[in-house]
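For reference, the chains in residue letters:
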Amino acid sequence: MSTPIDRNEVERLLAEDAQLVEVLPAEEYADEHLPRAINIPLKELGEETTRQLDVRRPVIVYCYDYQ
Amino acid sequence: MSPRAAARLESLGFTKVYDYVAGKADWGSSGLPLEGDDPSEHRAGAHARTDAPICRLGERLAEVRVRVEQAGWDTCLVVDDCGVVLGRLGRSALRREEDVSAEEAMTPGPSTVRPSARLEQMVERMRDQNLTSLPVTMSDGRLVGVLLRKDAEAGLERSGRRTKPGKRMG
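In the order they appear, the protein sequences are chains D and V.
Under my numbering, think of the first position of the first sequence as 1, with each following residue one higher.
Under my numbering, think of the first position of the second sequence as 1001, with each following residue one higher.
Hints should not be assumed to be uniformly reliable.
Distance condition first, Cα-Cα at most 16 Å in a straight line; then the derived EDC-like pairs of lysine to aspartate or glutamate [as the list claims (entries may be wrong)]:
1. V:LYS1016 x D:GLU9
2. V:LYS1016 x D:GLU16
3. V:LYS1016 x D:ASP54
4. D:LYS43 x D:GLU27
5. V:LYS1150 x V:ASP1128
6. V:LYS1150 x V:ASP1074
7. V:LYS1016 x D:ASP17
Just so you know, these hints were derived from the structure itself, not from any lab.
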């Protein structure tokens, strides 16, 4: 079960080298995204696309808001 | 959407998965930078004036008026101890001569916008509603600053962006 976190915790985890993934479609990511975030849209999330992530490090996912 | 993404990552073997549930709307609302083709400088937060006068509910209107005028403003936001916007004293409220408190004179619950609001939309809104300013607040209601229409229009001009065609100018 993933852990829900707030903004402060995001900043703390990023300082500890967490990976940040925006799961919105590519156009929305192109418009704006958090610094250091990569884009893997939810519909494309799979073995192939997640190879760029380090399974040993924390991963933070986010979208626009509570949707 | 992000809870499903988090669950999918876990199914793929990731064990340290965190879900920033409030997402980039929350990040932008807090004034933190965003990157991309439509970045922070095209948003209300980047142009909000943070020196806008504020007062508390119990302050006397006459004292607030002096302070507001000395600061060169014609509006004042009424906030609580945490900076949450409770009301607004506009030009007509500030002109009242009676010995009343800010609470009695204010318009409660004024409309606010988030720092992440797009500048072109804010200009459109202020033109359509004939507003000269809009309070900018975080998602929890705390005041960030006040977006003046002239600043928003100047920012839009500098960005080379436009409001929707057909909208009234000026």
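Those earlier numbered hints the structure runs against, lowest number first: The structure breaks none of the hints.
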